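Chains E and L, in that order, give the protein sequences.
For what it's worth, full-length UniProt numbering labels the leading residue of the first sequence as 1, then goes sequentially.
For what it's worth, full-length UniProt numbering labels the leading residue of the second sequence as 1, then goes sequentially.
For the record, the hints were derived by calculation from the structure and aren't laboratory data.
Some hints here could point you the wrong way.
Where chains are identical, the list cannot tell them apart; a pair therefore holds if satisfied intra-copy or between any two copies.
Claimed, not checked - Below, computed lysine to any residue pairings styled on SDA-like, alpha-carbon distance capped at 25 Å:
1) Lys112 with Glu14
2) Lys112 with Thr242
3) Lys112 with Thr44
4) Lys183 with Gln89
5) Lys55 with Glu35
6) Lys296 with Thr5
7) Lys235 with Arg56
8) Lys183 with Val162
9) Lys112 with Asp10
10) Lys55 with Arg111
11) Lys235 with Val162
12) Lys183 with Leu145
13) Lys112 with Gly22
14) Lys235 with Val245
15) Lys55 with Asp10
16) Lys296 with Glu234
17) Lys183 with Leu285
18) Lys183 with Thr25
19) Lys112 with Ala21
20) Lys235 with Arg309
21) Lys235 with Asp146
Note that this is a predicted model, so its numbers are computed, not measured.
Protein chains: 2
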Amino acid sequence: MAVYTDISEDDLREFLTAYDAGELTSYKGIAEGVENSNFLLHTTRAPLILTLYEKRVDRNDLPFFIGLMHHLADRGLSCPLPLPRHDGQLLGELSGRPAALVSFLEGMWLRKPAARHCREVGRALAEMHVAGEGFALTRRNALSLDGWQQLWEKSEGRADEVEAGLQGEIRAELEFLAANWPKNLPAGIIHADLFPDNVFFLGDRLSGLIDFYFACNDLLAYDVSICLNAWCFEKDGAYNVTKGVALLEGYESVRPLDEAEAAALPILSRGSALRFFLTRLYDWLTTPEGALVVKKDPLEYLRKLRFHRQIASVAEYGRAG
Amino acid sequence: MAVYTDISEDDLREFLTAYDAGELTSYKGIAEGVENSNFLLHTTRAPLILTLYEKRVDRNDLPFFIGLMHHLADRGLSCPLPLPRHDGQLLGELSGRPAALVSFLEGMWLRKPAARHCREVGRALAEMHVAGEGFALTRRNALSLDGWQQLWEKSEGRADEVEAGLQGEIRAELEFLAANWPKNLPAGIIHADLFPDNVFFLGDRLSGLIDFYFACNDLLAYDVSICLNAWCFEKDGAYNVTKGVALLEGYESVRPLDEAEAAALPILSRGSALRFFLTRLYDWLTTPEGALVVKKDPLEYLRKLRFHRQIASVAEYGRAG
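Okay, chain E solo, but in the shape it has when bound (with noise of 0.2 Å):
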């Protein structure tokens, strides 16, 4: 939630000129994205909006998230579409930094999702992962296994500050998920990150999807695991069954899970319990007292990460097994 970057009218303007935009009439940092600065601009056309990629982007990941969107959009799903540049780039630079221009969805998204959005966000996904055969560019999963391994060793130290035991405990999951991660699972390009706040409704349609800034190649059955675990649990905690059947059955009413990714949905849900446990760890660690950042508890997937372990059968998350 913030913008980094201020940017004047004249650069902007002079920015601009590079694309067929119409002209512009506003332009407004919004509060949204945590890893770049965005702005939302009026046009005497379409409204679009302006992202700056901060540091924490790795420069040579933009032409794959950039290039993602556009080969989704070209493929029919509803995500931000890149305006080109008039020389046909879709990556340009303001106040030194790379810069893309993307359409503006209309669209909210859902701070209170009910199951029958579970079932649209789970469709989406399926969606997604079947528009993305084809896209040319790959890039490997920063956040598995060993980027896992190596965030747990920045914070293993401290861990048993936020609850006794932490220690031990999370070194054992590591262990476990490192011999018995699944391999030969049917992959493709993920999301990695469709949270409720990267997903638009418009009422009960959903409207689309966006933040594509994490997607790398890697199983897709794993992508589910996130959905589950960003949509199917309550605030209390407790696992929500009805929300899971309306996000298994939307996602395998477009592409159905093989028996193996099936079987493979409570560990996978453990890794990716694990992944967002371990970087809000992380952050929880490192960010001083007083910034005006939300720190996202850990303890959170701590709890999910737990829950699944003990899962014994899939029929819990709500799929006939």
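Got chain E sorted already, so can you dock chain L onto it with the hints?
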């Protein structure tokens, strides 16, 4: 630059049923305003700004602020127009906070205003002073002599941390201003915070004034002195007399200053420089290190104050004496 309160789509839809605002299609928290939470709404009709008033704003002042915008817009000034609810009220409640919907003004604030823009600002300020006549409510200026003294008492003990000798200099300044502050100049509604980020332009045309949350009743020429401080100094601290000429000519093309007002400009400018120095000094000394708030340098206004102290005649501001 902050959104303090998030709002859920359900709560917002419920809030909007009290208005004739069209169907909501999106809302984004915007990084503007330091006192309140602001959202840019798109609807099936015109875009709107939704403001939630946080606790730094006294609720008793809200009818003055909202009523003033309505009064000014009604008199033809380009400023946000509060949208009335079906019951005729201009204020509602959302997420436990007083909230108002106002029209969205297209336009951009200028990071690098030129003299031609200062002329437009002067003209718009005078138009606001004229349009403010007849407004039924009054609000005393909480940041005039008494308020400065109170602010100073909170910072005085640490002032020498900022610059050696500051404590004696500011104490003497406050005494001088208390003894010599003009009393019988024309008074009325003033904006009291007409900095560049509160003035929108479309190209070189001024498209509107925003942020009336410091507006109050005070000397009209004091508002002119605030604009001299806010618009007519360069980044290096130098007073730009070309901008001063333009701002004063623009103002006087609508509302000529009388001779007593013109003669008072140096002391009024000392006062307004001190006012911004004192609020910045207080924030500087009290904002925790590491907070993601931009601390504005109080010394910028100390330098302006010293400039005004050595002014011998208003001709130095660019006005024929």
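Hint by hint, where does the structure go against what was stated? Just the numbers, ascending.
4, 7, 8, 17, 18 and 21
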